[in-house]
Amino acid sequence: MFLLRTLLAASVALPALAAHASMNKTLVRLPPISIPAGTASRTIEVDVHEVRSELLAAAKDRSRDLVLDLEQIEADRNPEVFFEISVGVPKGPSRSVGNLALYGVGIRSEARGQFLPAHIQLVITDALSAALRKSSTVEISFVAQGAGGSATPARSVSAVRVGNPSIFIAPRTRSN
Amino acid sequence: MSLRRSRNRLQTRRKFLKTTAAAIAGATLFDVEKLFAITSHVRLDVGPLTAASPDLVSYAKAIKAMQALPVADPLSWAYQAAIHGTTLSGSHVAWNTCQHGTIFFWSWHRMYLYWFERIIRKMSGNPNFALPYWNYESAGERNLPAPFRNSASSLYTVNRGVGWNAGTASLPSSAVATSGFMPTIPYYPAQSGCEGTPHATVHVTIGSWMGVISTAAQDPIFYLHHANIDRLWNLWLKQGGGRSDPLTDNTWKTTKWTFFDESGKEVHMTSCDVLRAAEQLDYVYQKEGKQATEYCPKVLPFPIWEVEAIQPLPAIKLPPGPDPVPFRVDISQFAQRLSAVRADQKQELALQLTGVEADRQPNVYWEVYVAPPGAEPNPESESWIGNVALFGHGIHDEHQHGEFQPAEFSFPIARALDAAAAKNAKEIQLTFVPRGALISAADAAQAERNESTLTVGKAEIVSRRLTTRQP
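Residue numbers (my numbering), protein chains in the order written: chain A, 1 to 176; chain B, 1001 to 1471.
Simulated from the structure, these hints should not be mistaken for laboratory data.
Please read these numbers as outputs of a predicted model, since none were measured by experiment.
Some hints here could point you the wrong way.
[Claimed, not checked] Keeping only pairs whose Cα atoms sit at most 35 Å apart, straight-line, the calculated DSBU-like set for lysine-lysine is:
(1) Lys1317(B) x Lys1256(B)
(2) Lys1256(B) x Lys1238(B)
(3) Lys1287(B) x Lys1317(B)
(4) Lys1238(B) x Lys25(A)
(5) Lys60(A) x Lys1238(B)
(6) Lys1122(B) x Lys1064(B)
(7) Lys1061(B) x Lys1346(B)
(8) Lys25(A) x Lys1253(B)
(9) Lys1287(B) x Lys1346(B)
[Said to hold, decoys possible] One side of the interface only, derived from the structure: several residues of chain A facing chain B at Cβ under 8 Å:
(10) Glu50
(11) Val51
(12) Ser53
(13) Glu80
(14) Pro90
(15) Lys91
(16) Pro93
(17) Ser94
(18) Gly98
(19) Phe115
(20) Gln145
(21) Ser150
(22) Arg174
(23) Ser175
[Unchecked claim] Far from chain A, by Cβ distances over 12 Å, these chain B residues were calculated:
(24) Ser1192
(25) Glu1195
(26) Gln1239
(27) Pro1303
(28) Gly1392
Glycine included, every Cβ here is placed at the ideal spot set by N, Cα and C.
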């Protein structure tokens, strides 16, 4: 159904995102993503040809959005980088859709009391529809980011796992 | 100095506008006062500030003083940082209470900064101090502000990532973008978006102390970063278009958080206390313009009667017919108690009739009188205490909206009892006089004829006190 080739990534921990969960329709369930320590950049490829037309239709509908849902994000230690996430076509152009940064939530060694995994949701409507117009396989990239001015590329110092990634259609709750 | 002058100019301009507007508005002076209420603290963009700027001089002075205090002192630098998070062992009030990944991210940090800022004013001796904000969205402000890189200053810490104190490190544009969350309309997703970028990304990118929740607030730049996050809350809300604080979320509104004021006294706050920074907390951000104003709906306690029975009355049954129905009540046993209630300003005496019902519509109402025995019913006198009229409730064959409900009546009777007491009556007479439309004398008897038996399940004289109950 969909193909996961490579993978990379990082995450941030943010809750209270389930308000309209019952109105969401999950179209693509991705296998868990794990990003090893030392990673500078990782990309996963996702074959969405079976749901491509539905994704494109949703992307055209101004009352709906396509959302990249990264649930169950965790790292054993502080990765000391954040990951910029992009969506595009393989070996082609991509668009940045947001960041995954762990601070306070999702880091096991920093848990205060009960450990809570992180959860982020990123609107990918424009980026995904641009990619789908060219291909039924899309790339999701996670590029480690540190402070500007460093001579060496940023690398995560801890493995990061995304236990439950998916793409769903949700009612649009943003101004255009 | 120049900043202080510009702040003074701002106030002078406000004063001018206030005076002018008041002159124009005349009677609406009150509104004008409110509109131009002077906010004495302006949180400035740190970008143009230098180490000699009054707010940074005061901030550095206060940090030094706070760092000299013992950890257990709530005004100490370590204690204040520990409220956010700490690696120190031991348990102290409010330690490790920062809110991340919860519904309180924006509001908790606003409270935290508010009390912290008051402490800085006290510890610096500068009552005008306002916490600057780090406006890193501006391309010229992506490096750590220079005054924080001077190792001789208390604004400095060695515990920052590589290049920050050297001035070579900078925040990538993707770390400071607000375009991810600003378009979002619902509060919680917008807050979560802001908590990710730029909040978490800036923490992570500076790294070292700032990168870890339990050490971040030890770095003086932390508070400027969070002032900006706080400013972004205002800017997000100000866009309108359906954006609002979660004013229907009772948990968000009522959960109390603990902090310390500038005298070291424990204080408590809820999100409702921090909705309007200018009005409630006396600060604005430089260049932010008019803040959005949101209000927690004030849920007033509702009034209820606290009722205590004093004297039961005989069973009351009003048969069909045109005649008044009197009942004699011996009040001698209760005279003292009745007097005591009458003397209490907070209580009143009432005749309470509950379980009032009839099989059919009686087609009359009853005037109710409390008077010395033998007194003629007179609706102009103090003995008339009210009317019993059934409409809807209390009529068995007319209840069409679910289960039958008897009627209830309650009439103040203090004046009537006083009149009876003035005549030294040991008894009172309770009289029910049927009344109908005033028509010709010939038809009056028919018009004022009760056509159904009315029964009162329970009649008693009560004392009642108006009190309130929280919803």
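Holds or violated: Phe115(A) as interface residue toward chain B, Cβ cutoff 8 Å?
At 11 Å from the nearest chain B Cβ, Phe115(A) fails the 8 Å test, so the hint is violated.
Return the status of the interface hint for Lys91(A): holds when the least beta-carbon distance to chain B is below 8 Å, violated otherwise.
violated (22 Å)
Non-interface claim for Gln1239(B): all C-beta distances to chain A beyond 12 Å?
violated (7 Å)
Interface hint compliance - Pro93(A) to chain B, C-beta minimum distance less than 8 Å:
Pro93(A) check fails; min Cβ-Cβ to chain B is 17 Å, beyond 8 Å.
Do the alpha carbons of Lys1287(B) and Lys1317(B) lie within 35 Å of each other, as the hint requires?
Distance of about 76 Å is beyond 35 Å: violated.
Status of the stated non-contact between Glu1195(B) and chain A (beta carbon gap over 12 Å):
At roughly 5 Å from the nearest Cβ of chain A, Glu1195(B) sits no farther out than 12 Å, so the non-interface label is violated.
CA of Lys1256(B) to CA of Lys1238(B), is that 35 Å or under?
It holds: about 26 Å lies between the C-alpha atoms, which stays within 35 Å.
Take the shortest C-beta to C-beta distance between Ser94(A) and chain B; is it under 8 Å?
Because about 13 Å separates Ser94(A) from the closest Cβ in chain B, which is outside the 8 Å limit, the hint is violated.
Are the Cα positions of Lys25(A) and Lys1253(B) separated by 35 Å at most?
holds (31 Å)
Return the status of the interface hint for Val51(A): holds when the least beta-carbon distance to chain B is below 8 Å, violated otherwise.
violated (24 Å)
Residue hint Gly98(A), partner chain B, criterion CB-CB below 8 Å
With Cβ-Cβ at 5 Å, under 8 Å, it holds.
Would you check the hint for Lys1122(B) and Lys1064(B), treating anything up to 35 Å between C-alpha atoms as holding?
Given pair Lys1122(B), Lys1064(B) holds - Cα atoms ~13 Å apart, limit 35 Å.
Figure legend: structure checked against the earlier numbered hints; hints not met, in rising order: 1, 3, 7, 9, 10, 11, 12, 14, 15, 16, 17, 19, 24, 25, 26.
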